[in-house]
Each structure stands twice: as C-alpha cells, then as structure tokens.
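As given, the protein sequences belong to chains L and W, one line each in that order. Remember, our numbering sits 126 above the position in the first sequence when you count from 1. Remember, our numbering sits 19 above the position in the second sequence when you count from 1.
Worth double-checking, as some hints may not be accurate.
Unchecked claim - Below are the SDA-like pairs computed for lysine to any residue, each with C-alpha atoms no more than 20 Å apart in a straight line: (1) K239(L) <-> C104(W); (2) K160(L) <-> V142(L); (3) K159(L) <-> V32(W); (4) K154(L) <-> A31(W).
Unchecked claim - Away from chain W, derived, C-beta distances all over 12 Å, residues of chain L: (5) V158; (6) L161; (7) N165; (8) T169; (9) I172; (10) F175; (11) V221; (12) Y241; (13) E255; (14) A257; (15) K260; (16) T261.
Quick caveat, the hints were computed from the structure, so don't treat them as lab data. Note that this is a predicted model, so its numbers are computed, not measured. In this text, a Cβ means the ideal position worked out from N, Cα and C, and glycines have one as well.
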Amino acid sequence: MLEYVLAKYNYWIYVVLMMIGLYAMMGKRNLVKKLIGMNIFQTSIILLFVSMGVKKGGATVPILMGDGHGHGEQIIQVADYLNPLPHVLMLTAIVVSIATTGVALATLILIYKRYHTLEEDEIMAIRKEAAAYKTLGT
Amino acid sequence: MKIWFKWISLIAVIMTGALLIYGTHDMPAWGDPNSPANSHVSPRYILEATKLTATPNIVSAVLADYRSYDTLGESAVIFTASISCLFLLRRIRKEKTSEDK
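With the hints as extra help, turn the sequences into a complete structure.
Given below as structure tokens:
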C-alpha cells in the first residue's frame, strides 16, 4: 500500500492542483481570480508532464559531455540522463501560457476601464441595466 | 451569481478530480526508467542528438533543431500576443491624451 502511494502520489498532487484551478475558474466571481485559476491549471499540467520525464537511480539533466565533434565524449548510457522530450514540450506550453495571461490581463484592464469593477455579477447587472434603458428609450 | 452555482461547480470539480485519480491507477510509477514515456522515442534522442546536431544540451537541440518549425510557430504566438496587447492598450492612452487636451 505504501509502495503504491509512493509510486503515484505525484499524480495526486497535480490532480489536486488542477481541481483548485478548475474551481477558481468556475466558482469565483472575480475575473482576476479566474485568471489566476487558469494559471494554476496550466501549472499543474506542466508539472504532470515534467514529472513523466523523471528517471530514478542517479539520472541527471540531459546535457552531455563533449561537443559532438569527438572531443571529450563519453559513452552515453540512456539511464544516466532524464527524458528531454517533456522538458521541450513544456517549454512551448509555458510560452503559450505567458501569451494568454498577457492578453487576458490587457483585456481585464479594458474591462475595468469600462465598468469600473471586475466582479462578474456586477458587470452583468450593469449590462442588463443598460439594455433595459436602451429598450425604454426607443 | 447565485449560491447554488458554486455548489454545482464544486460537485463537478470533485467528480472530475475523482475520475482523474481513478485514472492514475494505470499510470506508470513515478521515476520508472522503463515507463513508456522513457523507453520508446527518447533513448534515440539521448544517444544521437549530440552526434547529429553538435549540441551538448539535448533540450536545446530538440527545441531549435529537430522541432525548429514548432519554435518558429511559438515565436508567431508571442508576436500575436504582443501585437494584440499593443492594440488593446494603445486605445487607452489615446483616450487619456484626448482627456488631457
């Protein structure tokens, strides 16, 4: 039982992080809190993928000795180096998450400029009021 | 937002989390050197990347050499994000200057 927990507990941590992010996206009213929830969600997925590349038993980062031209090279053992592919893919995912966060923050600045609030229900109330005023005017 | 919506979202989140924790039963153990992710494609990269690309760092070899078109598209994503931020935030400054005048 303890062995099973030790083999799987990292996935459970990421599932809990993902639940926190998903609840923040769905249940919170403040738009900044929703954005932070989305960031937590993305971070949990990045951690999940990076943890897939881990090899236990003395593996190090995937930087080899030597320069590829036959100088200072050693015999390469696959078990000595971590899996480089999840690291590469998560570099791409980090870039995409930075881009989405930046655009979302710029949009939030515009929303605050227009409605002077970032609470979702207050914005919906203002919009409903404005629509009712429009129909009354015509 | 009504209070029942928070409870419904909490129930949905807990159900999703329970489903995912049930799904981890089939995942390989943490740090297993013989897991599927570590044993099919990545040994070839570790063994041959330095010979083929003359780069000691395998991550940068894969990022900038094997998957360089992916990195090119990534820079297009960054460019699009920065341009859209520029357009979104430029309008505010214009309004401000017109108010100042």
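Notebook entry, point to check: Honestly, which of those hints from before does the structure not fit?
Noted result: 10 and 11
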